[in-house]
Each structure stands twice: as structure tokens, then as C-alpha cells.
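S.K.: Spelled out, the chains give:
Protein chains: 2
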Amino acid sequence: MSTLAQGKAGLERASTAQKVADMLRERVLDGELAPGLRLSEEAIGGALGVSRNTLREAFRLLTRDRLLVHEHSRGVFVRRPTGDDVRDLYAARRVIECGSLRLWNDVTEAQREAVRAPVRQAVARAEKNDWTRAGQANIQFHRGIVGLAGSTRLSDESDRLFAELMLAFRVAQEINDFYQTYVPWNRRIVELLNNGEIQQAVDQLAEYFDAAEEDLVGRLEVEQS
Amino acid sequence: MSTLAQGKAGLERASTAQKVADMLRERVLDGELAPGLRLSEEAIGGALGVSRNTLREAFRLLTRDRLLVHEHSRGVFVRRPTGDDVRDLYAARRVIECGSLRLWNDVTEAQREAVRAPVRQAVARAEKNDWTRAGQANIQFHRGIVGLAGSTRLSDESDRLFAELMLAFRVAQEINDFYQTYVPWNRRIVELLNNGEIQQAVDQLAEYFDAAEEDLVGRLEVEQS
DNA sequence: ATCGTAGGATTGTTGAACGATTTGACGATA
DNA sequence: TATCGTCAAATCGTTCAACAATCCTACGAT
Numbered sequence: 450m451s452t453l454a455q456g457k458a459g460l461e462r463a464s465t466a467q468k469v470a471d472m473l474r475e476r477v478l479d480g481e482l483a484p485g486l487r488l489s490e491e492a493i494g495g496a497l498g499v500s501r502n503t504l505r506e507a508f509r510l511l512t513r514d515r516l517l518v519h520e521h522s523r524g525v526f527v528r529r530p531t532g533d534d535v536r537d538l539y540a541a542r543r544v545i546e547c548g549s550l551r552l553w554n555d556v557t558e559a560q561r562e563a564v565r566a567p568v569r570q571a572v573a574r575a576e577k578n579d580w581t582r583a584g585q586a587n588i589q590f591h592r593g594i595v596g597l598a599g600s601t602r603l604s605d606e607s608d609r610l611f612a613e614l615m616l617a618f619r620v621a622q623e624i625n626d627f628y629q630t631y632v633p634w635n636r637r638i639v640e641l642l643n644n645g646e647i648q649q650a651v652d653q654l655a656e657y658f659d660a661a662e663e664d665l666v667g668r669l670e671v672e673q674s
Numbered sequence: 450m451s452t453l454a455q456g457k458a459g460l461e462r463a464s465t466a467q468k469v470a471d472m473l474r475e476r477v478l479d480g481e482l483a484p485g486l487r488l489s490e491e492a493i494g495g496a497l498g499v500s501r502n503t504l505r506e507a508f509r510l511l512t513r514d515r516l517l518v519h520e521h522s523r524g525v526f527v528r529r530p531t532g533d534d535v536r537d538l539y540a541a542r543r544v545i546e547c548g549s550l551r552l553w554n555d556v557t558e559a560q561r562e563a564v565r566a567p568v569r570q571a572v573a574r575a576e577k578n579d580w581t582r583a584g585q586a587n588i589q590f591h592r593g594i595v596g597l598a599g600s601t602r603l604s605d606e607s608d609r610l611f612a613e614l615m616l617a618f619r620v621a622q623e624i625n626d627f628y629q630t631y632v633p634w635n636r637r638i639v640e641l642l643n644n645g646e647i648q649q650a651v652d653q654l655a656e657y658f659d660a661a662e663e664d665l666v667g668r669l670e671v672e673q674s
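Going line by line, the protein sequences match chains A and B. Each residue of the first sequence is one higher than the last, beginning at 450 in the working numbering. Each residue of the second sequence is one higher than the last, beginning at 450 in the working numbering.
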């Protein structure tokens with residue numbers, strides 16, 4: 450029964466460490482815990498009402514997700530992506546997303562719609578100048594692309610890359626206006642896909658990555674000083 | 450100074466949890482800790498002389514690497530990959546490695562050599578019927594391919610995929626004879642690359658994945674019962 | 001201004017403790 | 001005989017307190 454299988458997910462009690470990690474992840478991604486900030490075990494543990502041991506387990510989880518960095522005997526810090534990190538990030542995205550996009554003709558219609566729908570949303574939100582939500586839709590667009598590959602492992606890793614990129618955006622102070630340039634670009638990619646011009650769509654996506662990377666790295670190195 | 454930079458890596462004291470995780474990782478990958486086995490906190494912790502808290506940190510690390518699975522209030526187990534896992538794994542590898550291979554003409558000669566050399570090694574070892582080392586060289590071949598992308602994040606994730614695949618091999622009981630069929634295949638791929646026939650090489654690699662996946666899934670579902 | 005050095009703060013790790021959950025065996029019931 | 005509670009033992013989840021190891025800072029000495 451599918452209903453029972455669904456309920457199972459809800460039944461799985463999340464461990465305290467997992468819940469703490471989820472809470473901290475949100476705080477990091479929404480910017481409340483800024484990149485570079487040191488997370489004191491005592492302070493955070495006290496504020497959240499969990500023991501140091503449990504908190505350290507949560508830290509390990511987020512360190513593995515590359516949201517925190519762990520320095521021996523110095524503590525954990527909110528990751529502060531560098532220009533090199535961003536280059537590495539985009540090198541990975543180029544391979545993953547361009548490779549996934551090439552599968553366009555081999556996937557289900559539902560998978561294809563998971564690429565198209567977020568672009569429509571992004572366009573609509575951009576017209577209302579709601580750049581925050583437009584940005585979220587943009588991420589959904591890229592999640593949809595990776596989803597074409599049909600691998601949860603690949604999708605999970607991509608989610609980590611996206612999260613890390615969000616941190617880089619924060620360092621570069623370009624939360625809102627970044628997507629402005631690229632929404633039409635995404636729209637064009639979907640058009641090419643709908644016309645069956647897969648190779649052109651892949652090329653466009655690659656160019657998008659080139660431009661986005663250069664832009665972000667540039668702003669980052671300025672901020673670095 | 451490069452010598453100083455090298456020394457730095459050695460200076461970084463690894464935490465106890467990290468060392469324990471590394472030791473357990475070896476034991477899992479060399480088969481001493483078989484897939485499906487439950488890892489008692491008390492037994493393992495006692496044998497290794499570390500406290501339960503530290504051991505649990507190590508477990509978290511390996512769980513994140515998908516070598517262990519954590520079931521709430523039941524403990525951690527050595528992962529036992531299913532047919533679906535293998536399909537997911539290969540879906541990811543197809544995208545990552547085929548996408549990386551396409552970059553053949555855009556990378557340094559050293560990167561290309563990191564693909565060729567392991568194949569020569571694998572061939573030499575296969576001639577001596579040293580299938581264990583031939584298998585290791587085969588992995589180096591695929592690591593080399595991913596390395597073409599130049600992303601440590603992508604390479605790290607691929608290493609996790611490889612490790613998980615080793616577990617699947619163990620469940621399928623096909624440690625030694627598996628690579629026998631595929632060594633010549635890899636040789637052919639390198640030949641195509643050297644001749645500049647990138648697209649053909651990518652196609653061959655994709656076919657290799659198809660065959661390997663089908664083979665492995667088949668043996669796995671037999672073993673499942 | 002640079003270089004030790006001592007002291008305080010924080011992390012690394014341990015061991016014990018106790019509630020919560022799972023497991024498996026033992027009967028009771030049909 | 002098969003199924004269903006019930007209960008005890010084992011194990012996990014989490015906290016707490018303690019101490020060693022390490023890092024950071026401020027203070028002098030040169």
C-alpha cells in the first residue's frame with residue numbers, strides 16, 4: 450500500500466542531532482549565521498538546549514555537507530567560499546547538469562515538466578520583482594535538470610552544491626539582483642528543449658555557467674579583500 | 450615552497466573519530482566487516498579503545514559516505530546495496546564520467562595521462578592474472594576520468610560512489626572475475642581517445658556502464674534471495 | 001617592534017548514568 | 001498449532017561532569 454509506505458517516512462523519528470543540524474542548516478542558508486562566523490559549542494548548545502556531544506554530531510553532519518568547516522581544536526565555522534571554491538563548484542555543475550540535460554529525450558514527461566514549470570514560475574515572479582522567490586524557482590529549475598538523470602545520489606550531491614553556492618552568493622552580497630540577468634536565459638533553454646534542439650540547449654546551459662561563474666568569482670575576489 | 454605545503458597535510462592532526470572512521474572504512478571495503486553486519490557500539494568501541502561518543506561521531510562520518518546505514522534505536526549496519534542502489538549508482542556514474550570524458554581535449558596532458566596510465570597497469574596486471582590489483586587499476590582509470598573535470602567535489606563524490614560499488618561487488622560475490630571482461634574495453638576507450646574520436650569513446654564508456662550495470666544487478670537480485 | 005611566556009578559554013575525549021526503544025522469549029488464549 | 005500480549009534483557013539516545021590538549025591573548029622582556 451502506498452499510503453502506508455508514505456506514512457513510514459513520517460514515523461521515522463529524527464534524532465536530536467539531525468533536528469539540530471536541520472535547524473542550523475536553515476540559519477546558515479538564510480544568512481542568520483554569516484559565513485566565517487565561529488559556532489561556539491557552549492553558546493549554541495546552551496541556546497538550543499542540547500548537550501555538547503549531540504551538538505558535535507550535528508556539526509559533523511553539516512561539515513559533511515560543506516556548510517561548516519571544522520578546524521582542529523579551534524571549532525567549527527560557517528563556510529566562507531572562496532573564488533577557487535566557486536570555480537570547483539561550477540566545474541562540477543557543468544558536468545552534472547549538462548550531462549543530465551542531454552538525457553532530455555530519454556526521460557518521462559513528468560521529469561521534463563519538472564524542468565519547465567520552475568522556469569514559468571521564475572518568469573512570473575520576476576515580473577512582480579519578487580527576486581527572492583524567483584531565485585528559489587531558479588534553483589528548482591536546476592534541480593529539475595539534475596533530476597533528469599534519475600539518480601538520488603546525484604540529486605543529493607547537487608543539493609549540496611546548490612547550498613554551498615548560496616553561501617557564496619551571500620559572501621558576494623548578490624542575493625537579489627543576480628537572477629535578474631539569467632531568468633530570460635533559462636527561458637531560452639526551455640524553448641530550445643521544446644524544439645528538440647538538445648545540443649543547443651546544452652551549449653546555452655554551459656554558457657550560462659561560464660557567465661555566472663565569472664560574475665560570481667569576480668564579485669567574490671573583490672569582497673575577499 | 451612546495452615542500453612546506455606538502456608537510457602541512459601531515460601536520461593536520463586527525464581527530465580520533467576521523468582515525469576510527471578511516472580504520473572502519475578499510476575494514477568495510479576489504480570485506481572484513483561484511484555487508485549487513487551490525488556494528489555494536491559497545492563491541493566496536495571496546496575493541497578500538499574509544500568511547501561510545503567518539504565512536505558515534507565516526508559512525509556519522511561513514512553513514513554520510515553511505516558505507517553504513519543508521520537505523521534509529523537499532524544501530525548501524527554495514528550497507529548492503531540493492532539492485533536499485535546499483536541502478537542509481539550507475540545513473541550517476543554515466544552522467545559524471547561521460548560528461549568528464551567529453552572534456553578530453555580541454556585538459557592538461559597530465560590529466561590525460563592519469564587516464565591512460567591505469568589502463569596500461571590494468572592490462573599488465575591482467576596478463577599476470579593479478580585480478581585484485583587489476584581491479585584497483587580499473588578504479589584509478591575511472592578516477593582519472595572524473596579528474597578531467599578538475600573538480601575536487603566531483604572527484605570526492607565519485608570516490609564515494611566507487612566505495613559503494615565495492616560493497617555491491619562484495620554482495621554479488623564478484624570481486625575477482627568481474628574486471629576480466631572489461632579490461633580490454635577500457636583499452637579500446639583509450640585508443641579512441643588517442644585517435645581523437647571523443648564521441649566514440651564516450652559512447653563506448655556508456656555501453657560499458659550499461660553492460661556492467663546489467664551484469665551486477667543480475668547477480669545481485671539472485672543473491673537477494 | 002619582535003619574541004617568549006603564562007593564564008584563561010575552548011575544544012577533544014572519556015566514562016558513567018538513565019530514559020527510551022528494540023528484541024526475543026514465555027505463556028495465555030483461541 | 002498459531003497468534004497475541006507481556007515482560008525482562010540488551011542496546012541505543014542523550015545528557016552530564018571531568019580532565020587533558022590546544023589555541024588565543026595579553027603582558028613583559030629583550
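Bear in mind the hints are in silico, worked out from the structure with no lab data behind them. Be careful, since some hints might not be right.
Copies of the same chain look alike in the list, so a pair counts if it fits in one copy or across any two.
Claimed, not checked - For lysine to any residue, the following SDA-like pairs were computed, each having C-alpha atoms within a straight-line distance of at most 20 angstroms:
1) Lys468 with Glu520
2) Lys468 with Arg668
3) Lys468 with His521
4) Lys468 with Thr557
5) Lys577 with Trp553
6) Lys468 with Thr512
7) Lys468 with Leu482
8) Lys468 with Ser522
9) Lys468 with Arg523
10) Lys468 with Gly645
11) Lys577 with Ala492
12) Lys577 with Leu552
13) Lys577 with Gly480
14) Lys577 with Leu497
15) Lys468 with Ala612
16) Lys468 with Leu488
17) Lys468 with Asn502
S.K.: Is it within, between, both, or neither for Lys577 and Ala492, if the alpha carbons may be no more than 20 angstroms apart?
M.R.: Classified as neither: same-chain Cα gap 41 angstroms, cross-chain 60 angstroms, threshold 20 angstroms.
S.K.: Pop the pair Lys468 and Ser522 into one bin, within, between, both or neither, using alpha-carbon distances up to 20 angstroms.
M.R.: between (25 angstroms within a copy, 16 angstroms between copies)
S.K.: Which holds for Lys468 with Glu520 at a C-alpha limit of 20 angstroms: within a copy, between copies, both or neither?
M.R.: between (23 angstroms within a copy, 15 angstroms between copies)
S.K.: 20 angstroms Cα cut-off: does Lys577 pair with Gly480 within a copy, between copies, both or neither?
M.R.: Neither way: Lys577 and Gly480 sit 24 angstroms apart in one copy and 58 angstroms across, limit 20 angstroms.
S.K.: Between copies, within a copy, both or neither: which fits Lys577 and Trp553 at Cα up to 20 angstroms?
M.R.: neither (30 angstroms within a copy, 44 angstroms between copies)
S.K.: Between Lys468 and Thr512, at a C-alpha cutoff of 20 angstroms, which is it: within one copy, between copies, both, or neither?
M.R.: both (15 angstroms within a copy, 16 angstroms between copies)
S.K.: When no copy is named, should Lys468 and Arg523 be tagged within, between, both, or neither for a Cα gap of at most 20 angstroms?
M.R.: between (24 angstroms within a copy, 18 angstroms between copies)
S.K.: Since the copies are identical, ignore which copy is meant and state whether Lys468 and Thr557 lie within 20 angstroms (CA to CA) inside a copy, between copies, both or neither.
M.R.: Result: close neither inside a copy nor across copies, 34 angstroms intra and 44 angstroms inter.
S.K.: For Lys468 vs Leu482, is the C-alpha pair at or below 20 angstroms within one copy, between two copies, both, or neither?
M.R.: within (17 angstroms within a copy, 30 angstroms between copies)
S.K.: Is it within a copy, between copies, both, or neither that the alpha carbon of Lys468 lies no farther than 20 angstroms from that of His521?
M.R.: between (24 angstroms within a copy, 13 angstroms between copies)
S.K.: As a check of your reading, is Lys468 near Ala612 (CA-CA no more than 20 angstroms) within one copy, between copies, both or neither?
M.R.: within (18 angstroms within a copy, 28 angstroms between copies)
S.K.: Indicate which option fits the pair Lys468, Arg668 if close means a Cα-Cα distance not exceeding 20 angstroms: within, between, both or neither.
M.R.: Answer is neither: 34 angstroms inside a copy and 38 angstroms across each miss the 20 angstroms cutoff.
When each numbered hint is compared with the structure, violations occur for hints 2, 4, 5, 10, 11, 12, 13, 14.
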